[in-house]
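As they're listed, the protein sequences go chains Y and G.
If you count by our numbering, then the first sequence holds residues 35 to 304, one letter each, in order.
If you count by our numbering, then the second sequence holds residues 35 to 304, one letter each, in order.
Calculated from the structure, these hints are not laboratory results.
These numbers come from a predicted model, not from an experiment.
One or more hints might be untrue.
The list cannot tell twin chains apart, which means a pair is met if one copy fits it or any two copies do.
To be verified - Heads up, simulated DSS-like pairs for lysine-lysine below, C-alpha to C-alpha not over 25 Å straight-line:
id	residue 1	residue 2
1	K259	K102
2	K203	K86
3	K174	K229
4	K195	K270
5	K167	K119
6	K102	K167
7	K168	K229
8	K167	K203
9	K119	K229
10	K220	K85
11	K270	K220
12	K102	K119
13	K119	K203
14	K303	K259
Number of protein chains: 2
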Amino acid sequence: MKVSRRELLKGVGALTVGAGLGGFSLAVANGVMAQDEKKVQTLPDLPWPYKKLDPVLAAEDGYAGYYKGACSYGVFESIVGQLRKEVGFPYTMVPTTLLVVGQGGMADTASLCGALTGAASAIFLVAGGLDPKKREVAYKIIQEVFLWYEQTALPDYKPNKPRFESIAKSVSNSTLCHVSISRWCKVSKFKAFSKERSDRCGWITAAVAKYTVEMLNKHADTTFKTIHTLSPESQKCRSCHDRGSVLENTRGIMDCGGCHFSPKKEHPKI
Amino acid sequence: MKVSRRELLKGVGALTVGAGLGGFSLAVANGVMAQDEKKVQTLPDLPWPYKKLDPVLAAEDGYAGYYKGACSYGVFESIVGQLRKEVGFPYTMVPTTLLVVGQGGMADTASLCGALTGAASAIFLVAGGLDPKKREVAYKIIQEVFLWYEQTALPDYKPNKPRFESIAKSVSNSTLCHVSISRWCKVSKFKAFSKERSDRCGWITAAVAKYTVEMLNKHADTTFKTIHTLSPESQKCRSCHDRGSVLENTRGIMDCGGCHFSPKKEHPKI
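Okay, chain Y solo, but in the shape it has when bound (with noise of 0.2 Å):
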């Protein structure tokens, strides 16, 4: 959580200067707090400003962070870091280490691949917002990300000095950390706690990283469209078991074959 005298000062500029930035207005003079209690109570509401960043710069600081903090730490970083030089205040104020948390599918526990963790929170900080039409902006592009993340041969992006010269491709068919390194081991021949399997998380936390500002770039850019959607097959699910259907006994936007009819047949006897 290091920030450099020039991105705090740009801190300090906004809460001093505030206006424009969702009415956020701090005055600080003399060690005693400005009068207006009103202007006080106020800090910035999601979305915060956005200016377009660099895809391969995001993609090699995340990089960079996997190897610091891990992969949902990686991407958030990334983004907000650029943030941080590129906007200032209010980025200069987000405890980034918190993203740490999403490391290995959320503490370890391999559910939620944690790179996507990470996108999904640069994303709403963005795009977000409490009102229930923000979040819609914001959860769109996360979904194009994720459904992205399910369908692409990843990874798609070769770090400028990776510690593996070659990572496989594979695809996860699916969002999770469990089943995306396991398809990745059955592809790649490589065990799940191997160092080649470490740096395919890395790899994976810069294609990330780069996909998501790209569509954070085309979202600035108010071009932004869905571009991955549901599979066929998994469309066919959902027309009955989602929202208005016959059985009405689920939600998600994921891909169901990534888990049910996987394996097809009972386990081997053991």
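We have chain Y already, so just place chain G on it with the hints.
This is chain G only, laid out in the frame that chain Y set:
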């Protein structure tokens, strides 16, 4: 992100007084930064100071927060909100609206249960950090909450003024929103997008907030110990599939049976 004048003044107190919070020290006087650049560059590292909280108050705040910003925000704000009052800075500077993104298993995709995303994030602020040893401390508490969630008939807390007087309990066998909801639909006979199901997730938010605070209070007392462990069946799976095993082709701390071999057969003909 409203912050009371009292809370913000606490924050500014910490900003000007500094010491005792991971070395954070920022003096703002006459509108200019302090000359000590080294001190200015440091923000408080995790973990942040914790005061034991009221679990029932967290549960009630969690239920109220659910109807404001959904499950993940509900749990996170129920804890950070109390800490903002009891501790002040640095909790006064946390944009808790960010955690809205965990809604419906992250942006409505139904992967990791949002209440657990909120819990994990709050635990990491209080008990975690970038250092791997600090991460491990937080991850143990988070994994306890996750395994409790998987194995317990929930919700096990009834809010004081619930929208529905009675909500069926179910065991999720999974940390996933999608699975948790489908299992509850099967038990309760309500649909996945019904008002009853939504209220059930409000109760779940309350229950997770309460249990998380109970575990954090034990951590504060240095009496925290893991209570819930993986089932014997899952440990048997791990003996061939996890770290150091013959296959070592997966990772995770999740009930294997929550997804695998469920359904046990192929989908019926449609």
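Going through the hints against the structure:
1. K259 - K102: Close neither inside one copy (33 Å) nor across copies (28 Å); limit 25 Å.
2. K203 - K86: neither (29 Å within a copy, 47 Å between copies)
3. K174 - K229: Intra 34 Å, inter 24 Å, cutoff 25 Å: inter-copy only.
4. K195 - K270: Intra 43 Å, inter 40 Å, cutoff 25 Å: neither.
5. K167 - K119: So K167 and K119 fail the 25 Å test inside a copy (29 Å) and across (30 Å) alike.
6. K102 - K167: Answer is between; shortest inter-copy Cα gap is 14 Å, intra-copy 35 Å.
7. K168 - K229: Only across copies: K168 and K229 sit 22 Å apart there, 40 Å inside one copy, limit 25 Å.
8. K167 - K203: neither (36 Å within a copy, 32 Å between copies)
9. K119 - K229: Classified as neither; 32 Å inside a copy, 44 Å across copies.
10. K220 - K85: Neither. Shortest intra-copy (40 Å) and inter-copy (47 Å) distances fail the 25 Å Cα cut-off.
11. K270 - K220: Between copies only: 21 Å across, 28 Å inside.
12. K102 - K119: within (19 Å within a copy, 32 Å between copies)
13. K119 - K203: For K119 and K203, the Cα distance exceeds 25 Å both inside one copy (33 Å) and across copies (49 Å).
14. K303 - K259: For K303 and K259, neither the intra-copy (48 Å) nor the inter-copy (36 Å) Cα distance is at most 25 Å.
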